[in-house]
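K.L.:
Chain by chain, the residues:
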Amino acid sequence: MKNPTLRNLTLPCVFALGLGACQTEDAAYAVVDNDYPVATDSHDPSQQTTVYKVWWSTALFSSPVAAGGESETIRAVAGGEVAYALLAPGWDPTSSDPPSMLIPVMTHIPLTVSRGTTLHIHLSDTTVVGNCGARASGQLTQDEADFITQRIFPGDFIGTYNAKACAISR
Amino acid sequence: MGNLIGRRSSLLLCLGCAASAVFHAPLAHAAGPTDGTTPTVEEQQVTPPSLGDHPEPVYPPRALSEKREGDVGVEITIDEAGHVSDARVAQSAGPEFDAAALTAVKAWTFTPARRGDTPIRSTVSLSIPFRLASATTATPPAPTPPPPTPEPPPQTQDNGDSTLVLGRKPLSAASSTSVRDREFQLRPIGSVQDILRVTPGLVLVQHSGGGKANQYFLRGFDADHGTDLALSIDGIPINMVSHAHGQGFSDTNFIIPETVERVEITKGPYFANQGDFATAGSVNLVTRDNFEHSSVGFGAGSSPGYGAPAYRGLLVATPKWDNVKTTFAAEIGRQNGPFDNPENWDKYKLWNKVTYQVSPTSSFSIGESSYGGEWHGSGQIPGRAVERGQIGRFGSIDPNEGGSTARHQLFASYKFRPSENSEVTALAYVGTYRFNLFSNFTLFLKDPNNGDEIEQVDRRTFYGGKVSYRVVHQLRGVRFDTTIGADTRSDDIHEELWHTAQRNQLNQLRGNNVHETLIGAYVSEEVTPAKWLRLNAGGRADMLSFAVDNALTGSTDAQNPRSGTDSAHQFSPKASAVVTPIAERNYELDVYANYGEGFHSNDVRGVFSSPAVTPLTRARGEELGARARLLRKLDVAAALWNLDLANETTWNGDDGTTNVGGATNRYGAEFEARYELLPWLSADGDITFTHSQFTADHENGGGLALAPKQTWSGGMSARHTIGPVPGIFRGGLLFYGIGDRPASDDGQIVAPGFTQFDLHAGYRHRRFDIAFDIENLFNGQFRAAQFDTTSRLRTEPGIGKPVPAGFSCGNNARLATNPAGGGANGNFYGCDEVNYTPAYPFTVRVMGTIFLD
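Each protein sequence line maps, in turn, to chains A and B. Residue numbering for the first sequence follows our numbering, beginning at 1 and increasing consecutively. Residue numbering for the second sequence follows our numbering, beginning at 171 and increasing consecutively.
Please keep in mind that the hints were generated in silico from the structure rather than gathered at the bench. C-beta: ideal position from N, C-alpha, C; glycine also. One or more hints might be untrue.
[To be verified] Label-pair ranges, simulated between beta-carbon atoms:
| no. | chain 1 | residue 1 | chain 2 | residue 2 | range |
| --- | --- | --- | --- | --- | --- |
| 1 | A | 116 | B | 223 | 18 to 28 Å |
| 2 | B | 990 | A | 63 | 33 to 43 Å |
| 3 | B | 734 | A | 44 | 29 to 39 Å |
| 4 | A | 26 | B | 1018 | 29 to 39 Å |
| 5 | A | 63 | B | 662 | 31 to 41 Å |
| 6 | B | 711 | A | 116 | 57 to 67 Å |
| 7 | A | 26 | B | 223 | 48 to 58 Å |
| 8 | B | 1023 | A | 110 | 51 to 61 Å |
| 9 | B | 990 | A | 169 | 23 to 33 Å |
| 10 | A | 63 | B | 937 | 30 to 40 Å |
[What the hints assert, rightly or not] Straight line, CA to CA, 20 Å or less: simulated EDC-like cross-link-like pairs of lysine to aspartate or glutamate:
| no. | chain 1 | residue 1 | chain 2 | residue 2 |
| --- | --- | --- | --- | --- |
| 11 | B | 971 | A | 81 |
| 12 | B | 971 | A | 143 |
| 13 | B | 879 | B | 818 |
| 14 | B | 971 | A | 144 |
| 15 | B | 616 | A | 156 |
| 16 | B | 276 | B | 492 |
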């Protein structure tokens, strides 16, 4: 390489290409783990609880997650907040029919995530409040139920959800 | 050999001949006008370079044998160390003589020019005659540089039929200016936006983070992303017409800041060579033909306590050949910003240009630039979410905002001087552009389930050209400077607007194919009947033709643009007068009066929507101003101006509808001052006051939302020799700001102003350069881009539901009324308040550069 300019540029070119490998990725992410048990007969969805939707902080998980399953990972923002979810007991997530019943729940405690990490939102009767059919799960107040059904997931409820009965009165 | 020397030329170095040699000291500070007739550079205490070793050129053997003689005009640049860093032929005597002259002068050494005790870079023009011994009667005089002189004004040589030499066009408005790289190198330069801040009265703020175009404020305009500010680089327009996000969208992120050599600034619609968008003003970035050195640089930066660092790598190659100048620059980088949702803004840029000096009177440039970037944005966050503690100042409601963009362009330019008093310039360009932007302004107002996120898509090819012819002639002592020119630009655009959720497309709202062509022609005649008076009259005619194809033929939305074709045209007269009542060595004064009409085009999709947008919006402006130079140290300028805009009706790309607005009037005053405290230390300051209003009073005093009322900028900058091995220290403490302004037309909601201080320090050595920048030195917690927006957070009451007791939208905010009319009646229709992008906090950047040759 006779041209001194070109010769001198060789090292910087290698250096510059190396910069491309610099990774400073530190976004936060969130993923939903449906920890409800998978039925012995895994082909019978009526024995299972599907997580229909989840909202945490800024992340909406709109695709149902079958029992034992994990959702897609969604970009989120570092912070801490409780997660809100709709459970669809006995509903087959592969079905084209809408679930016949939705139960609003929320996590017992705020869930936090920092930058560069992934929050796993574990949902089961030990982590959420509001699933009337489960002993482990506590009960939502009516205000909490209204908040979830009217503000967080307003498009999924017509009428008023009764937190005590886990039923909708139209 | 001895015989050859005996017959060789006597080298007449005309360094001592004031008539043919000109020495240029570099600018001490900005505000160099675009001509030179009113130099603002402090030339006192400047010592010109003196010649050291200067081996004589070798007489070309063939020319010697053929007994040919010649004079080569050479322009050489002498660096701070006294070396010739660049040499070019300004006047050719043929390839052999040119090559011999260049070879010789590149080996010369000098004692560098000095400003006070500080060595400075300088440029010397000289003539190198090649004379056969028999024709030479004198031995060469001792080479002595001429006394320093400012850049010469257009010279008149009374040579019988009046031969005139072209100079750069003189200023024709008090608010016009030109700023060279030596000025903005004293500022923190992290991006080209930092360079644009040298424009007096222009405030730029970062908007939604990352690769999105900045928000521009100038002369009472919140020019959004560039609707009333014409931005260009080497004459190639940056503004995008009928852009998916906003008319005139000007993303300057594709520019590598180090390639910019000069910024040319005008304000108002007074200039015949400027067409679309040049209503509030125009800024043209002029790139350098070559660098002094090839180099490699690496920079890193961080806002301590906020996220991951940013980095930037820069590679510059500038191989030099005779008659050819080259610039090859490449930049890569990543930026995260201080946001809780990191920007992850990855970008690469290329800028390549080759300039060939075809002949002493003509040059041809060809170039290419490429840019690609993708990023995440944090959008404009509602103040109430921060007040309630739901998110932090650098938080985000929708972390999926952001997008990707790319711009690739080819360009070629040609400059030719058919004679000493005429010049032809031509420019052609073609480019492709891609843009995908995800935004969420209203959050959960329209769709409480999925959110209101949108995607704007823009794919286009743009191409165009410019040509101009300028001739200067003199008749009976009156100087006539005539310019005629034409320009054209076409855009073939495909654009879409989608409702999305987490970047997944839900339903398409708009889909259009657009073609538009703008053709303009202009003439400008400047008459100088006396040294103290210049008169300019001119005008331009523009015609816009366009076609819109609606791809959503099944849409039932009444505001969805129809398919159609149409055209519009406008004639824009211009006139200026410049009076120079004082033109003494220590006191110079120019008084300017300007009148002009201009326009900005509107998004042509709005022409076929309802209500319809006018394709061209006429602007009419007047200005009275003055520039003065006192004691060769103080430059001051002031301007009073007025601008009327025919209407503010615009197409809103965010929801694909028309925003109706009537005629507006803006007027204001601007003041600039620059003072050289010491030869190495200067201070400057600019302040503007503006009043903006709708011409018709809609029971709110004609209030006009977001129009800036006051802007200010200034600082102190220094450049001095320092260190045991002489190098140049440079530094600057600068500030800029904008006053409080109404965010809503009724003025009830206010966008608070701010003042930001930045610090720059740098040291340049022959072999390296290091720059240290601090942005937002005092860590001010203010808002950058701000918009009065009605939005709804997911946790707030549903639309139309009763407002709970105790609910508040927060400070500087109010409950929105029912958009269908009838007020709110105690129900919730969102909160109306300022949504904003926070300014960067205290941020440190370091950039090191190694020169390779």
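K.L.:
Next, verify each hint and record whether it holds.
P.N.:
Hints, one by one, checked against the model:
| no. | hint | verdict |
| --- | --- | --- |
| 1 | A:116 <-> B:223: 18 to 28 Å | violated (60 Å) |
| 2 | B:990 <-> A:63: 33 to 43 Å | holds (34 Å) |
| 3 | B:734 <-> A:44: 29 to 39 Å | violated (59 Å) |
| 4 | A:26 <-> B:1018: 29 to 39 Å | violated (24 Å) |
| 5 | A:63 <-> B:662: 31 to 41 Å | holds (38 Å) |
| 6 | B:711 <-> A:116: 57 to 67 Å | holds (58 Å) |
| 7 | A:26 <-> B:223: 48 to 58 Å | holds (56 Å) |
| 8 | B:1023 <-> A:110: 51 to 61 Å | holds (59 Å) |
| 9 | B:990 <-> A:169: 23 to 33 Å | holds (30 Å) |
| 10 | A:63 <-> B:937: 30 to 40 Å | violated (58 Å) |
| 11 | B:971 <-> A:81 | violated (25 Å) |
| 12 | B:971 <-> A:143 | holds (15 Å) |
| 13 | B:879 <-> B:818 | holds (18 Å) |
| 14 | B:971 <-> A:144 | holds (17 Å) |
| 15 | B:616 <-> A:156 | holds (16 Å) |
| 16 | B:276 <-> B:492 | holds (11 Å) |
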